[in-house]
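Number of protein chains: 2
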Amino acid sequence: MLYNGHMEVIVSLQNAQVKKWTALKQKKYRDETGLFLIENEHLVLEALKAGVIEEIIMCEGVEERFEGIKTNYVSANVMKKISNNTSLPKYIAICHKLDKSINEANRVVILDGVQDPGNLGTIIRTCVAFNYDALYISNDTCDIYNAKAIQATQGALFTLPIYRGDIKDFIYSLKKDGFNIIATSLDDSKPLKDTKEKDKMAFIFGNEGNGINKEILDLSDDIVRIEISNFESLNVAIACGIMLYQFRK
Amino acid sequence: MLYNGHMEVIVSLQNAQVKKWTALKQKKYRDETGLFLIENEHLVLEALKAGVIEEIIMCEGVEERFEGIKTNYVSANVMKKISNNTSLPKYIAICHKLDKSINEANRVVILDGVQDPGNLGTIIRTCVAFNYDALYISNDTCDIYNAKAIQATQGALFTLPIYRGDIKDFIYSLKKDGFNIIATSLDDSKPLKDTKEKDKMAFIFGNEGNGINKEILDLSDDIVRIEISNFESLNVAIACGIMLYQFRK
Numbered sequence: 001m002l003y004n005g006h007m008e009v010i011v012s013l014q015n016a017q018v019k020k021w022t023a024l025k026q027k028k029y030r031d032e033t034g035l036f037l038i039e040n041e042h043l044v045l046e047a048l049k050a051g052v053i054e055e056i057i058m059c060e061g062v063e064e065r066f067e068g069i070k071t072n073y074v075s076a077n078v079m080k081k082i083s084n085n086t087s088l089p090k091y092i093a094i095c096h097k098l099d100k101s102i103n104e105a106n107r108v109v110i111l112d113g114v115q116d117p118g119n120l121g122t123i124i125r126t127c128v129a130f131n132y133d134a135l136y137i138s139n140d141t142c143d144i145y146n147a148k149a150i151q152a153t154q155g156a157l158f159t160l161p162i163y164r165g166d167i168k169d170f171i172y173s174l175k176k177d178g179f180n181i182i183a184t185s186l187d188d189s190k191p192l193k194d195t196k197e198k199d200k201m202a203f204i205f206g207n208e209g210n211g212i213n214k215e216i217l218d219l220s221d222d223i224v225r226i227e228i229s230n231f232e233s234l235n236v237a238i239a240c241g242i243m244l245y246q247f248r249k
Numbered sequence: 001m002l003y004n005g006h007m008e009v010i011v012s013l014q015n016a017q018v019k020k021w022t023a024l025k026q027k028k029y030r031d032e033t034g035l036f037l038i039e040n041e042h043l044v045l046e047a048l049k050a051g052v053i054e055e056i057i058m059c060e061g062v063e064e065r066f067e068g069i070k071t072n073y074v075s076a077n078v079m080k081k082i083s084n085n086t087s088l089p090k091y092i093a094i095c096h097k098l099d100k101s102i103n104e105a106n107r108v109v110i111l112d113g114v115q116d117p118g119n120l121g122t123i124i125r126t127c128v129a130f131n132y133d134a135l136y137i138s139n140d141t142c143d144i145y146n147a148k149a150i151q152a153t154q155g156a157l158f159t160l161p162i163y164r165g166d167i168k169d170f171i172y173s174l175k176k177d178g179f180n181i182i183a184t185s186l187d188d189s190k191p192l193k194d195t196k197e198k199d200k201m202a203f204i205f206g207n208e209g210n211g212i213n214k215e216i217l218d219l220s221d222d223i224v225r226i227e228i229s230n231f232e233s234l235n236v237a238i239a240c241g242i243m244l245y246q247f248r249k
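Residue numbers (the numbering used here), protein chains in the order written: chain G, 1 to 249; chain Z, 1 to 249.
Derived by calculation from the structure, the hints in this document are not laboratory data.
If you're wondering where the values come from, they're calculated on a predicted model, not measured in any experiment.
Warning: the hint list may mix true and false statements.
No distinction is drawn between identical chains; accordingly, a pair holds when it is met within one copy or between any pair of copies.
In silico DMTMM-like cross-links for lysine to aspartate or glutamate, where the CA-CA straight-line distance does not exceed 25 Å [unchecked claim]:
{"hint": "1", "residue 1": "K190", "residue 2": "E64"}
{"hint": "2", "residue 1": "K193", "residue 2": "D221"}
{"hint": "3", "residue 1": "K196", "residue 2": "D177"}
{"hint": "4", "residue 1": "K70", "residue 2": "E232"}
Chain G with its partners taken away, still in its complex shape (with noise of 0.2 Å):
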């Protein structure tokens, strides 16, 4: 480390601190530490205001300061190395999972695989605006800590609760906590427009290539579809926006 006037500046890429940054890039690394990285300076104001900021990693020279923060300066070639971006963040928010927990949920949505973390987290964002209460994940939809997801939620990802695990469980809990279950598919469905409102609904989507596994099709209480041309499809993310909208709270 170098002395630089009052603070100390990381400038090695071999440092210790600096391989354990850098590894949260890898999914891995973040389900074993519970922490996520955040570049874009909006969303860290949003970590900021969720209170889920661990230490901040700062470019030598940039002013700004995170009052009660732990704060660690570095280079702009070892943040060039952190960084997931090619224009070089001023710094970069080290981030602690959350563990939010619902209370009084009616309106929840659940995701059979989907692979696409901009989808992700777009659908996450669109929870949020429409006031849906949980998110619930099977293991093979992407990661919500992926860089491309944390954009795309726009801040969303630190007040909705999300859980990721075996839907099916997840599905059998909501049953019986009253929940209708809704599955969105083309085939076998009846039309969003003859759908009803019910106290507590529940809407699965699909994988963008695939749809929702037949198994899971076979848990749900009703399967509809958007109204589309023939021959047509939507992006599962549109499609979730359509029919959020329609039973919001």
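Starting from the known structure of chain G, arrange chain Z on it as the hints suggest.
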């Protein structure tokens, strides 16, 4: 070139044709030539159906054939240079831009400065799914022939008439033609649920960060907001999906 059985294979990265094809990754050359590249196999089949393929660039050793379409064989190394993807495609189609015209339109979409190619492509796909007649995009909206935008359209690009230009002119001409011009904005707006269906409707969506320009807002007949929770916002493609579903044909 090497002579390999029945076909000549281009192996040099310095080959003049290879340079021309590679240049099509840039908007400037797409605009100059009216040509663009398609890599995804599903999209190439859609382009084939739409009759917009000029030539095929095929990796040597690939068995597939496109009857009646000029096919150029190249080495994997050349393919890698032309491709936008990290994984090597089997073939790339060089397509010409469409010049589709509208008749009897009564549902159109106008975009004022949408920047993200994924959003633009998803909006094109959604317009086709809900049977909208045309898309008008401002000069500062991103290029529809961008590789990410094309991918997000899922082939819908080949069926929707799309016009780029001064959207003020488009709006004046739509107004003359009896269209009700609806802008989407959170400010000074009425809720979507109170918006009545009209015979001819045009919907304007704005830039991801800044929304619709004031001079464009001032030209609209109604300003409508999608009813979301306070302090939240929707992705522009999601807002478009919800609006287009409500007034689908």
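We went through each hint and held it up to the structure:
no., hint, in the structure
1, K190 <-> E64, "neither (55 Å within a copy, 40 Å between copies)"
2, K193 <-> D221, "within (17 Å within a copy, 27 Å between copies)"
3, K196 <-> D177, "within (19 Å within a copy, 38 Å between copies)"
4, K70 <-> E232, "neither (51 Å within a copy, 29 Å between copies)"
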